[in-house]
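Q: Below, each chain spelled out in residue letters.
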Amino acid sequence: MMTTVSATSVAVLAALSCSTALAAAPAMKKENPMHTPVLEHYTQGTLDGVWKRPGLSARDRSIVTVAVLVARNQAAGLPRYLNLALDSGVKPTELDELIAHLAFYSGWGNAVAADAAIAGAYAQRGIKTTDSSAQAARLKLDEAAESQRARSVDNNFGAVSPGVVQYTTDALFRDLWLRPGLAPRDRSLVTVSALVASGQVGQITYHLNRAMDNGLTQEEAGEALTQLAFYAGWPTVFSAMPVFKEVFASRAQKD
Amino acid sequence: MMTTVSATSVAVLAALSCSTALAAAPAMKKENPMHTPVLEHYTQGTLDGVWKRPGLSARDRSIVTVAVLVARNQAAGLPRYLNLALDSGVKPTELDELIAHLAFYSGWGNAVAADAAIAGAYAQRGIKTTDSSAQAARLKLDEAAESQRARSVDNNFGAVSPGVVQYTTDALFRDLWLRPGLAPRDRSLVTVSALVASGQVGQITYHLNRAMDNGLTQEEAGEALTQLAFYAGWPTVFSAMPVFKEVFASRAQKD
Amino acid sequence: MMTTVSATSVAVLAALSCSTALAAAPAMKKENPMHTPVLEHYTQGTLDGVWKRPGLSARDRSIVTVAVLVARNQAAGLPRYLNLALDSGVKPTELDELIAHLAFYSGWGNAVAADAAIAGAYAQRGIKTTDSSAQAARLKLDEAAESQRARSVDNNFGAVSPGVVQYTTDALFRDLWLRPGLAPRDRSLVTVSALVASGQVGQITYHLNRAMDNGLTQEEAGEALTQLAFYAGWPTVFSAMPVFKEVFASRAQKD
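Chains as they are written, first to last, in numbering that gives the first Met the number 0: chain A, 0 to 254; chain B, 0 to 254; chain C, 0 to 254.
Rather than coming from a laboratory, the hints here were simulated on the basis of the structure. Only a predicted model underlies this, so the values are computations on that prediction, with no experimental measurement involved. A virtual CB, placed ideally from N, CA and C, is assigned to each residue, including glycine. Incorrect hints may appear among the rest.
[To be verified] Sample of chain A residues with no beta-carbon within 12 Å of chain B, all distances over it, derived:
1) L46
2) G48
3) P53
4) R71
5) D86
6) Y104
7) G108
8) A112
9) A136
10) S146
11) R178
12) V200
13) E218
14) P241
15) Q252
[Claimed, not checked] Residues from chain B shown here face chain A by an in silico Cβ test under 7 Å; the list is partial:
16) Q73
17) Y121
18) E222
19) G232
20) V242
21) K244
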């Protein structure tokens, strides 16, 4: 059976299913038997428990993990976690959006590799997504905030790379971020996860603030760091934590 | 038919063909059909247009892109872009030099993977390159500038890692950089692209200045950032842009 | 013949074999014939000599190199260097520990890929390791130093990510680091190599100090940088050298 899913219906479903995602979380499937028993010991004894922690839904954990693997081009691990994402309530059209989003935020080659990695899961499940780019309505843009962002970037870098500045406005903030197929909060979670995973500490402040403006709670952001520690490694998280701390503090002052 | 190309003849051809490379640029070949329609939408609607922008030749764009993929060890995408580089006027011996250059600047494993990735393209085109390392003349060295560089690095790090300091002089600046098979300007473009792609922001100032001393224009450097945004991701470029800005400004003051 | 090796016997053997490792170092095996002659030229003419330099044993060089490849998820190169590590006196149970260690320090996906890469070498050599996690004694913990570390991290980040802080204590410093299957000095060498290779400069100060407290000499650390320059690339090493320099200087002042 072929299931064709449109982006707009998914946006509604995602909103509805959000609160039930945690309850419906599938058990973390057992890894294939490993060749090194110490890694198996920690996978079963430690990592499996991470997925069951409160503070971040299994759906969010799968989004964070897929974002890490795409951002670091770890295609070998992707099929497993793309399937886990689908099992955890991430819709196929949401995965399509995630991959295209990371084309811009991690590099085109990373996205092309992820696109190839998803073929098996889609084929096995009879999923065929269609793109609604042309006809789909876009999310409402906060014109004032976007104008301010664009002005600031143009003042800073307009003479350094006119092309980057132009695409940042036209392709990213006036198009990609407004696509309804992935909720802005999830799009931000993907972005922040990719930034942490690839050590892009300098870009976290803007995007973590944006993520929290888009609805990611401080508890979720902090627990995403736990998920990231296991999938992107302790050092990347320890390099990112001071920035998270500053963002949390600066937002607390404003309240 | 086997074509054997020597490094010296290539250096001359490269100089001759440089101005015509843009005109002779082959059309960006269509990606294989993708499994996620959103990525396909942006590949056709946005990325394809990047390759046709003025400000940087298709030859340069292919050099930047191959450098990104080698620097980030994205072997799966390499055959496509190595072929595109050959179609865009990059000579086989120049690709050989690019790969060996990135052994030093991105890591030996990255270069070995690129070496494996090039086998298909060379076999298909009947290309067999030979190494002229032994007999080839080396480019003329600016002894004063090199002595100053070596003294500065030795003062700084001679006691930290004598081995690194020694190979930096003997293998890199008195050998690799003087090989005639890849123009210094192209070697610099490869280096700067790899630095941006792997987030090595601290090393950009020296190498971007060197690139511009070697003939890379500010317009080309700025447009290389546009190419890099798409292939290495927006965050790496936004982390690099402040350094590019500083280098451009400091050079403008000197003029 | 199946060889089952326990972690405890290995710890003793490692200590005994340490001084003889250099003498017993196997010759660096020739790479497969390469397709680009310039890379082959530098591999034979330059890289091969690096492995024979004094200042760091072949065993240590193989540990550094495997750590680089796991940290950067360069699975294609792993079988060759895992075999070289085994030939250089690294015990299978030590490799098991190295891989599990890097699950935490480089990301779980990196370790899973390394686990897959080791299968061939183990099968070919009839090696089957067993895990002694449950019964094995742990190394003695310096309670005062660990309490201070935990307090400092908790004060800094306890409110940012309680999960990260908890696992850092429970899984890393009160468990992983105390496993006897890999000497603390070697565990530190793995950690520092991974940090340099992945550009995590901010985390080097703590771990290089720990490495030297664990017995890594300044000469070895400096020569590890030479090995890292070739396998992780010059820029990562030039970004790390100022931190190494500071650590060396601050320790010299204390003496």
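Q: Which numbered conditions among the earlier hints are violated in the structure presented, ordered from lowest to highest?
A: 4, 6, 7, 8, 11, 12, 17 and 20
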